[in-house]
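Novice: Turn these sequences into a full structure, and let the hints guide you.
Line by line, the protein sequences are chains A and B.
Residue numbers for the first sequence follow the numbering used here, so the first one is 4 and each next one is one higher.
Residue numbers for the second sequence follow the numbering used here, so the first one is 902 and each next one is one higher.
By construction, these hints were calculated from the structure, which means they are not laboratory data.
For every residue, glycine included, the Cβ atom is placed at its ideal position computed from N, Cα and C.
Do not rely on the hints blindly, as some may be mistaken.
[Stated by the list, open to error] If the Cβ cut is set under 7 Å, some of the chain B residues that face chain A in the computed set are:
no., residue
1, 972
2, 1026
3, 1080
4, 1084
5, 1113
[Unchecked claim] Under the rule of at most 27 Å between Cα atoms (straight-line distance), these lysine-lysine pairs were calculated in the BS3-like manner:
no., chain 1, residue 1, chain 2, residue 2
6, B, 955, B, 1156
7, A, 151, B, 1157
8, A, 151, B, 955
9, B, 1157, B, 955
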Amino acid sequence: MDDLTVRLGVNELIAAYVDCIDEDRLEEWPDFFVEQCRYVITSRASHEAGLPHGVVYAASRGMLVDRVTALRRANIFEPHRYRHIVGPIRVEQVDATVARAHSNFIAVRVMHDGEMSLFAAGRYLDRIDMTSNPYRFIERLVVLDSQKIDTLLVIPL
Amino acid sequence: MSEICGLVFGSFRDDAPDLESYLGPQVVGGIRRVLNRPARILGRSTQVLPNNWKLYSENTKDTYHASILHSFLTTFRINRLSMPGGIYIDDTGGNHFSQAKLDYAAEDADYKREGLRSDTDLRLEDPSVIESVDEYGDSVSVQILTIFPSMILQQIRNTIAVRVIRPRGVEKTELDWIHLGFADDDEAMTERRLRQGNMVGAAGYISMEDGCVGGFVQRALRFNDADSGVVMMGGYDAASQPFRSSEAAIRGFWKKYRALIGD
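Specialist: This is the structure in structure tokens:
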């Protein structure tokens, strides 16, 4: 596929993804993934050591839907939102249907009382399915620079 | 320095008792039950808690809060509250473990049957997050074991973890999670542990709430007389018992703490 088309498609996917989370349209979040997907949040240390555990470990779109249902209906936490800032995206075509993308991000956490803090920084390592429009994630690995998570992580990164 | 089942303990005390005497025979049995074969580290993470370390210690000793606070299991209609179990406390009160049992086969059958007929109840889209096997062959689905002052050994279904409590000031604690599997796990068992891992840790359906509730208590305490507040639900001793609805293990923690610190 022509390089510019791929770059625009990947860029739109990644921009729409953080918009969905930051604007609290979490019910739409699983739709950014193919059915047989992987979404894992891990740390740089675990990732580099080859350890498979994820703070969040989803191996299907259904597991992402359950995350949202639990957040809305079950879990107890103080209301808050994120503001994601994603840096420039590096894109590489694997074959005619799959692209690989790397990007850096930070997420600011804004509590219900207005208190803001830098909640997370890290890298998105993505494998992206280009057969649909818009594109969708086959795998999104969220590699956090720090192993520490303040209080809890309930809204996806 | 001393070691049991791969867990290494140390003390700066010259007159420290030997490790197994310190733990007590029942708690030693609880450790040997879970870490009964060579372990393997699956991952590590740290949850920063906005509260004093003793509030987290109380949390791990408290058997009441699980069914009140952690609504994930009840919301998705997974667990029964009447699970049999018990609490085992060492003579000093500082170390303990609690157990709950589950009929694994009945749960599996129930979930599949109910999944078919119910469309109004909340159901898991992908129940693999709770699909567990009775790997110890004793029906114990949850065992939380605490070692005074700062360690927890956890078995929640097939998630095995060591948690280490690190005080970082009066109002801050770091909780280090070391997620474990075993050297003889096959690929399916590792995948099972990773999926169930969504229940524990900083983003765990269950454990995330333990990350914030200590902060709620700490903030509320400021409004009590002389910065202290106690809610006691009854009883004075700290002895083992064949049921879980009890504060005995929390009383045990404070007995040990006061014996060391003085009133």
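Novice: Next step is simple, just say for each hint if it's right about the structure.
Specialist: Hints versus structure:
1. 972: Result: holds, 5 Å to nearest chain A Cβ.
2. 1026: 3 Å, holds
3. 1080: 5 Å, holds
4. 1084: 14 Å, violated
5. 1113: Check passed: Cβ of residue 1113(B) comes within 5 Å of chain A, closer than 7 Å.
6. 955(B) - 1156(B): 13 Å, holds
7. 151(A) - 1157(B): With Cα atoms ~30 Å apart, residue 151(A) and residue 1157(B) exceed 27 Å; violated.
8. 151(A) - 955(B): 20 Å, holds
9. 1157(B) - 955(B): Status holds; Cα separation ~12 Å.
When each numbered hint is compared with the structure, violations occur for hints 4 and 7.
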